[in-house]
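Novice: Make the complex out of the two chains shown on their own, each in a separate frame, by following the hints.
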Amino acid sequence: MNEKTESQGAPRISEFSPLFTRGLIITTCATLLLVFGTAPYYSPFRDTKVFLAPPQFIASGIMVEYGIEEFQGFPLEDVILQARPSFLLSLLLEFVILPVCFLCSWRYLFQKKSQQMAIGEKPKRHLPAKFLFGLSGVLIVYLILGNISSAFVSPNIYHVIVLDNTMDQNRSAVIAQLSRIGHKANEYYCLPKRAGGGEKSYRSRLDPVGTTPVTLRELGMPGSTDAGTFSVVQIVNDTTLICEGIGKVALSDGSFPEYTMHISPGAVIPAKIN
Amino acid sequence: METIPYSKIFKLDWRWIGLGFCFFVSFHLLPSHIIYMLRVISPAMNVIYSVWIFGGMAVIGFMIGYKSKGVTIWEATIASAVYSIVLLAAIEKVWGGGLEFRTPYWIIAIIAIATLSAWFGEYIQALKEKNIRREGPGKKN
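Residue numbers (my numbering), protein chains in the order written: chain A, 592 to 865; chain B, 2 to 142.
Accuracy of the hints is not assured; some may be wrong.
With a straight-line Cα cutoff of 25 angstroms, these simulated PhoX-like cross-link-like pairs (lysine-lysine) come out [to be verified]:
| hint | chain 1 | residue 1 | chain 2 | residue 2 |
| --- | --- | --- | --- | --- |
| 1 | A | Lys713 | A | Lys703 |
| 2 | A | Lys715 | A | Lys704 |
| 3 | A | Lys715 | A | Lys703 |
| 4 | B | Lys12 | B | Lys70 |
| 5 | B | Lys129 | A | Lys703 |
| 6 | A | Lys721 | B | Lys129 |
| 7 | A | Lys704 | B | Lys94 |
| 8 | A | Lys715 | B | Lys70 |
| 9 | A | Lys704 | B | Lys131 |
To be clear, the hints were calculated from the coordinates, so they are not data collected in a lab.
Treat the numbers as computed from the prediction; the structure is a model and nothing was measured.
Just chain B, with the same shape it has in the complex (with noise of 0.2 angstroms):
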């Protein structure tokens, strides 16, 4: 049986750790920072830019691990990491901050739901193109 190297297995594709970084802040950061400055208008704004910013980790890490060609569950790791760090320093030094933002709960969960979610843009992405390879390059579905 064919063995696979030690060191092809935890090789990580540094474009799309980049990629995903700008991926969160442009579609995560922004958002949330236009969901901030919106509050003036509404209270609600509070609750949504909450849920954004969880929800919206949920949805670009789905979208790293879909649209990439090869497995990239582990750069979209990397990647929420050093954005955890930026999101952070939006959090504390711009926005206000938090009910306890700086606990490592709250940085745990958004590196967990990225991965998590970027974990099954990847199963989505792989049956979609077992259902190709199946029906044949003309059906797509």
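Pulled out of the complex, with its shape left as it was, chain A reads as follows (with noise of 0.2 angstroms):
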């Protein structure tokens, strides 16, 4: 039950002065004009990727819920920075539940103590108390440091997040092309040649008697797309032709993810390179 709304009739008095009351509306105000009343004079510097979430939000969260997965007896799925239940759990835990746990038993802990030496009894051990009093301490020590750290030690790592996801992607796109490749090649492998096919081989039309293999012109693929560059390698006993996918975006150590795609019929397998 509210008990300031139940004063009946004697005068409200405010937690605050008027002065402050009206500096606090102003400053509402002034903050929400500043805010997106002058958004378009800064639009220029407006980056996309703003947030990050520092390592240790997340590692909490993952935690907990994996513990609940693994219990459950539910296949555990991969680590995903967004839309995850653990990051809600983690900053619970970080910002409500640990400080609480703290705070409460650190108060119960002195205040027992205090009581107790007052009416001259012997202090007890409260092991409970005593322990989550520790817990709750180290775990909010290390989530100060482990975002400190983040803070200051570490100031790229939004910047390798985001340059991972995009070596991922690009490693996809590779793989994803040369799959692309693979399946022209075994539908130009079924082809007849009077149909611009193969015959049941991967040499080229415009070599029939020689080992020269298709050509990505011939399949109708491009050599070079925003994924990377692609090319055939070598054609195997005219039943195995290997195509070389090389991506566009640098790894940390200056080389391009490489792939080779092995085809015959009725298979296409990647191989990792690099």
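Specialist: Listed below in structure tokens is the structure:
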């Protein structure tokens, strides 16, 4: 029940002075105007991915979520940063549950001790409260130190995450394009020569007697896309074609992701080189 | 035993809903905006910004619970729910989208943090008042 709203005609005493309240309202209006009213002026500086979830946020929640999943016997999912209940769990753990446990156990311990000393009793041990106090204290220090180190020791962590994501996307795009080439090559393999195919062979139609493999141009595929550059490397025994794809996003050592695709009738198998 | 009327249990202090919203805008949105602008100085501000988005909600929720004279937990919840729309608009339209900030988890997290912090603020306030009553008005510690 709200005590204040039931003052029954008594004059309402505000917690704040009228000056503070007026200042607060003016500051609120000014802030809204500053944030939303002046937005067009700094739009060139706008970053599309400004928010970064520090690893400590994710880690604690994922531990809890994985524990629950494993206990239930469900297969564990891959770790993804966004849209996970673990994030909610870890935020509540970090900002609410741990500080509340820490302060409550601290108060309980010291209040009990002072009460017992006041009446001349020998202080008891209070092991559960001490355990909770120590555990929550250690975890809070860990989270604070983790956040500080995230902020100051490794300031480029955000860029590393974004770069990793970009590299993964590039790798996936290279494999996808190689798969498309593989399917086109199998189509070429199956079709008869009069229909523009290789007639049970991956050899080029332009060089029917030699061992020149079919070209990407004959397959109707581009040699270069946004994902990377692609080429046909060699043909083995007329029944296996090896293609190569090199990505465009440089890895941390300066090299580029590289994949080969072993294409045979009915099978398209990628292999990672770099 | 005296029963509490149903209408009075859920009676809200609309003044504190407004004040709570002003608290959130003035003491959370404004610092967030300042941290956002300081990102040009150091990329470390990205992390500070991310921590402040949630940590700040806890601090201000606590203040709403602690400073108010009555019990103002639901007031903090409603104020934070309204404020979460403003915050979401700021993140999406002004500061730039985050890692899937539109997912409901984030909004639930913001509201839950504010509510639990307000409850904790009320708890601390009640303990303080209890101590004052027990030890007399002259002694505050």
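Novice: The structure should be examined with respect to each hint, and the outcome stated for every one.
Specialist: Structure-based check of all given hints:
no., hint, verdict
1, A/Lys713 / A/Lys703, "holds (11 angstroms)"
2, A/Lys715 / A/Lys704, "holds (8 angstroms)"
3, A/Lys715 / A/Lys703, "holds (9 angstroms)"
4, B/Lys12 / B/Lys70, "holds (15 angstroms)"
5, B/Lys129 / A/Lys703, "holds (16 angstroms)"
6, A/Lys721 / B/Lys129, "holds (23 angstroms)"
7, A/Lys704 / B/Lys94, "violated (53 angstroms)"
8, A/Lys715 / B/Lys70, "violated (36 angstroms)"
9, A/Lys704 / B/Lys131, "holds (18 angstroms)"
Hint compliance for this structure: hints 7 and 8 are not met, and every other hint is.
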